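Line by line, the protein sequences are chains A and B. If you read the first sequence in our numbering, its first letter stands for residue 2, the second for the next number, and so on. If you read the second sequence in our numbering, its first letter stands for residue 7, the second for the next number, and so on.
Hints should not be assumed to be uniformly reliable.
Listed below are several chain B residues computed to face chain A (Cβ distance under 10 Å; list not exhaustive) [as the list claims (entries may be wrong)]: (1) N57; (2) L59; (3) T63; (4) G86; (5) F110; (6) K130; (7) T132; (8) V150.
With a Cα cut of at most 25 Å, we get these calculated DMTMM-like pairs of lysine to aspartate or glutamate [claimed, not checked]: (9) B/K72 with B/D205; (10) A/K196 with B/D128; (11) A/K196 with B/E91; (12) A/K183 with A/D74; (13) A/K196 with B/E54; (14) B/K97 with B/D128; (15) A/K196 with B/D77; (16) B/K97 with A/D143; (17) B/K130 with B/D117; (18) A/K183 with B/D169; (19) B/K130 with A/E21.
Read the hints as simulated data drawn from the structure, not as lab findings. Given the structure is predicted, the values throughout are model-derived calculations rather than measurements. We put the CB at the ideal spot given by N, CA and C, even for glycine.
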Amino acid sequence: MGKSSFGQLVLFRWREFSREPETLFWVFIFPILLTVALGLAFRNQGPQPVAVAVAGDTTDAAVRSTFQTLHADSALIVRLIPTESVDAAFRSGQATVVVVPGLRPTYRFDRRNPASASSIALIDRDLQRAAGRQESFVAQLDDRPARGSRYVDFLIPGLIGLSIMNGSIWGVGWNLVQMRSKKLLRRLAATPMSKAAFLGSFILMRLVFLGLELGVILLFGRLAFDVRIAGSILDLALVVVLGAASFSGIAGLIASRASKSETAQGLMNLVTFPMLLVSGVFFASTNFPDAMQPVIRALPLTALNTLLRAVVNSGTSPWTMPVELLVLVVWGVVPFALALRWFRWT
Amino acid sequence: MNAIRLRGLRHVYPGGVEALRGIDIEIPVGSCFGLLGPNGAGKSTTFEILNGLIQPTSGTVELLGKTWRADAPWLRERVGVQFQETQFYEKLSVAETLTLFRSFYGARGLDPAEAIRLVHLDEKATAHVGQLSGGQRQRLALAVALVGDPELLLLDEPTTGLDPQSRRALWAIVTDWVGRGRTVLLSTHYMDEAEQLCDRLAVIDGGLVIAEGTPRELIARLGGDHVIEFAADGPLDPAALPVAVHSLPNGRMGAAVTDLHRTLPALLSALDRSGVGLTELTTRSATLEDVFVELTGRSLRDG
Numbered sequence: 002m003g004k005s006s007f008g009q010l011v012l013f014r015w016r017e018f019s020r021e022p023e024t025l026f027w028v029f030i031f032p033i034l035l036t037v038a039l040g041l042a043f044r045n046q047g048p049q050p051v052a053v054a055v056a057g058d059t060t061d062a063a064v065r066s067t068f069q070t071l072h073a074d075s076a077l078i079v080r081l082i083p084t085e086s087v088d089a090a091f092r093s094g095q096a097t098v099v100v101v102p103g104l105r106p107t108y109r110f111d112r113r114n115p116a117s118a119s120s121i122a123l124i125d126r127d128l129q130r131a132a133g134r135q136e137s138f139v140a141q142l143d144d145r146p147a148r149g150s151r152y153v154d155f156l157i158p159g160l161i162g163l164s165i166m167n168g169s170i171w172g173v174g175w176n177l178v179q180m181r182s183k184k185l186l187r188r189l190a191a192t193p194m195s196k197a198a199f200l201g202s203f204i205l206m207r208l209v210f211l212g213l214e215l216g217v218i219l220l221f222g223r224l225a226f227d228v229r230i231a232g233s234i235l236d237l238a239l240v241v242v243l244g245a246a247s248f249s250g251i252a253g254l255i256a257s258r259a260s261k262s263e264t265a266q267g268l269m270n271l272v273t274f275p276m277l278l279v280s281g282v283f284f285a286s287t288n289f290p291d292a293m294q295p296v297i298r299a300l301p302l303t304a305l306n307t308l309l310r311a312v313v314n315s316g317t318s319p320w321t322m323p324v325e326l327l328v329l330v331v332w333g334v335v336p337f338a339l340a341l342r343w344f345r346w347t
Numbered sequence: 007m008n009a010i011r012l013r014g015l016r017h018v019y020p021g022g023v024e025a026l027r028g029i030d031i032e033i034p035v036g037s038c039f040g041l042l043g044p045n046g047a048g049k050s051t052t053f054e055i056l057n058g059l060i061q062p063t064s065g066t067v068e069l070l071g072k073t074w075r076a077d078a079p080w081l082r083e084r085v086g087v088q089f090q091e092t093q094f095y096e097k098l099s100v101a102e103t104l105t106l107f108r109s110f111y112g113a114r115g116l117d118p119a120e121a122i123r124l125v126h127l128d129e130k131a132t133a134h135v136g137q138l139s140g141g142q143r144q145r146l147a148l149a150v151a152l153v154g155d156p157e158l159l160l161l162d163e164p165t166t167g168l169d170p171q172s173r174r175a176l177w178a179i180v181t182d183w184v185g186r187g188r189t190v191l192l193s194t195h196y197m198d199e200a201e202q203l204c205d206r207l208a209v210i211d212g213g214l215v216i217a218e219g220t221p222r223e224l225i226a227r228l229g230g231d232h233v234i235e236f237a238a239d240g241p242l243d244p245a246a247l248p249v250a251v252h253s254l255p256n257g258r259m260g261a262a263v264t265d266l267h268r269t270l271p272a273l274l275s276a277l278d279r280s281g282v283g284l285t286e287l288t289t290r291s292a293t294l295e296d297v298f299v300e301l302t303g304r305s306l307r308d309g
C-alpha cells in the first residue's frame, strides 16, 4: 500500500476490522449459524400422517373392513378403539379424526384443527371407493418443489439484505462514532489528511467486507441447502452495491453528530430494528396489514430484499422494478447529502 | 516575525458562555510560550481556535502570518498539535500509527522511525497502542504531533497525569524542539513546568490575560523573589510589621521579600515586640504558584 495516505487509511480500516475477533465472529460465523438454525427449523418436511381412530367392536365385520381400508392409506395412521374411549382419544391426541363405521359412517373431527378437517376428504374418498364408487378420472400428481420456493430460498436473500444493512450501519456508523468519542476524528481533522481519501477508504473497505460477508452466506447456502442464484451475478452486484451505498448514507447521517457510543447505539437500533421486523427478512412483509404496505414498501430494507429475491430466486432483472430502485437511490442520496452537511469532526 | 498573533480574541459558545473575553498574545518564532491558568480559564478554547477547529466569535488569529480562513491547507502542513485525551486505535502498533499520520503530510515531515526515536519509544515501536502506559501514550501523542515536522507545535496540557519521570522526559523533547528554532505553545497548570520550559508566559483567568511576561518578570511582580509564610499564636497588627503581609488560608500570613537576610530578622523582632509567639515559619523561593495566588486569590488547581 506504500506511503499514500489513501493506502494507509485503507490499511487502517483493514487492521481495525481484522484485529477484532468479535468482528470476525459477527461477519463470518454468525450468518452461518443463523442460516443453519433457521434452515433446519423451517425445513419443508411434507405433511405429517394424520392419526385416525376407528371406533367400535373388533368382532364387528364393518369395523374391521373400515380399519383395513384406511390402514392401506399411507397418509393415515389408524388404530382401533372401543366406542367409549373416543373422547379420551381426542384428549390424548391419539386421534384427530374418529370414524364410527355404519351404513352412514360418522366422522368426528375438530374443525379448529386444519389437519383434522382436511383429512376428512381423504378418509371419505377411501371409504367411498371401498364401497364401490367409480372415479371419473385419476389426476397425475406432481409434487416436485418449484426452484427457489423453499423457505431457505426465501431466507438467504433476506439474510443478505440484513447483512448489508447491519454491515453498513454498524461498520460505518459505529466506527465513526467510536472515532469521534475517542477524539480520534478530531485528531485526524487537525492534520492535512484529505477528507475525500478518508471517506473513500470507508467506501472501499465497506465493499471489500461486503464481498466477504455475502460470499460466506452465498457459498454456505449453496453447499448446505443448494440455494442457487437464478439471475445474473452482475445484477446481484448492482443491487448489493446500491443497498450498501444506501445504508452507508443512513449510517453517515446517524453518525454525523453523535459523540457518545450509547447515543449512536440507540439510534442504530431504532433505525434497524423496525426494518428487521417488517421488511421481509424472516417472513414476507406482505403479512402486515394493507394499510401499512405503502410505508413498508418505502423502507430501504424492503426495497433491497424485494430486489434481492427477484434476482436470487426468480432471476428477474432489477431494471424491471423501478420503484424499488428509486427507493434505494433516494435513501442513499438524501441522508448522505445531510451527513456531508452536518458531519462533525469534533 | 510572530509565529502566533492573537488580537481581541473573543469566543462565546452557543449556550451563551463567554469563554474568551478579549485575548491579545504575540509569540515570536523560535520561542516557547506557556498558557497558564486553572481549568475553565479559557485555555482549551484558545487551543481549539488556534487549531482551526472552531472559529472565534470575533478577533484576529494569525499563525505563521496566515489565517485558518484563507490558508487552512498550508497551515495544516505546518502546525502540529497534541490534544488532551486523544485515544489512538488500540490494536495499531506505535510504528503503524505514526506511518498512518505521516502519510497525511506531503514532502515535509519526519521519518516515522525518527519521530519514534525523538520521544524515546524505540523499544515500543512494534507494540500495540493498547499495551502502552499512560506516559508512553502521551509520548506517542507528542510523536504524532511531531511527525509532520511542524514549524509551530501546540501542546494542550501535554504532561497532565504523568509521573515526574515521564514529565521530565517530555520537557527534554520540547526543549530540544525549541532548540531547532521551532515555536512551541503549551498550556499547563503546573508552575514548575512553565518555569522550566517557557521563555514567556501568559496567565489566563476568566477568559482574560491577567498577566504576561517572562517567568522572572512575573515573579518580580510579587515584590520579591523570596516568600515568608508564618503563623502567630495571637492577634497581629499588620501596621506594626516591617513588611506588607497578606492573609493565607488557615490563619497564616505571607509576604514576598527581596532581602531575606535583612527582612526576616526585622520581622522576628517586630513579632517579639508585639508579644506574640510564632507557631510556624517557612521561607522559600517564590514560584509562579505564588504569582497566581497573588493575581487571582486562588490556587491554580482549585479550578
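Quick rundown of the hints versus the structure:
| no. | hint | verdict |
| --- | --- | --- |
| 1 | N57 | 5 Å, holds |
| 2 | L59 | 6 Å, holds |
| 3 | T63 | 17 Å, violated |
| 4 | G86 | 9 Å, holds |
| 5 | F110 | 4 Å, holds |
| 6 | K130 | 17 Å, violated |
| 7 | T132 | 14 Å, violated |
| 8 | V150 | 7 Å, holds |
| 9 | B/K72 with B/D205 | 23 Å, holds |
| 10 | A/K196 with B/D128 | 31 Å, violated |
| 11 | A/K196 with B/E91 | 22 Å, holds |
| 12 | A/K183 with A/D74 | 71 Å, violated |
| 13 | A/K196 with B/E54 | 19 Å, holds |
| 14 | B/K97 with B/D128 | 18 Å, holds |
| 15 | A/K196 with B/D77 | 16 Å, holds |
| 16 | B/K97 with A/D143 | 59 Å, violated |
| 17 | B/K130 with B/D117 | 16 Å, holds |
| 18 | A/K183 with B/D169 | 23 Å, holds |
| 19 | B/K130 with A/E21 | 21 Å, holds |
Of the numbered hints stated above, those contradicted by the structure are hints 3, 6, 7, 10, 12 and 16, listed in ascending order.
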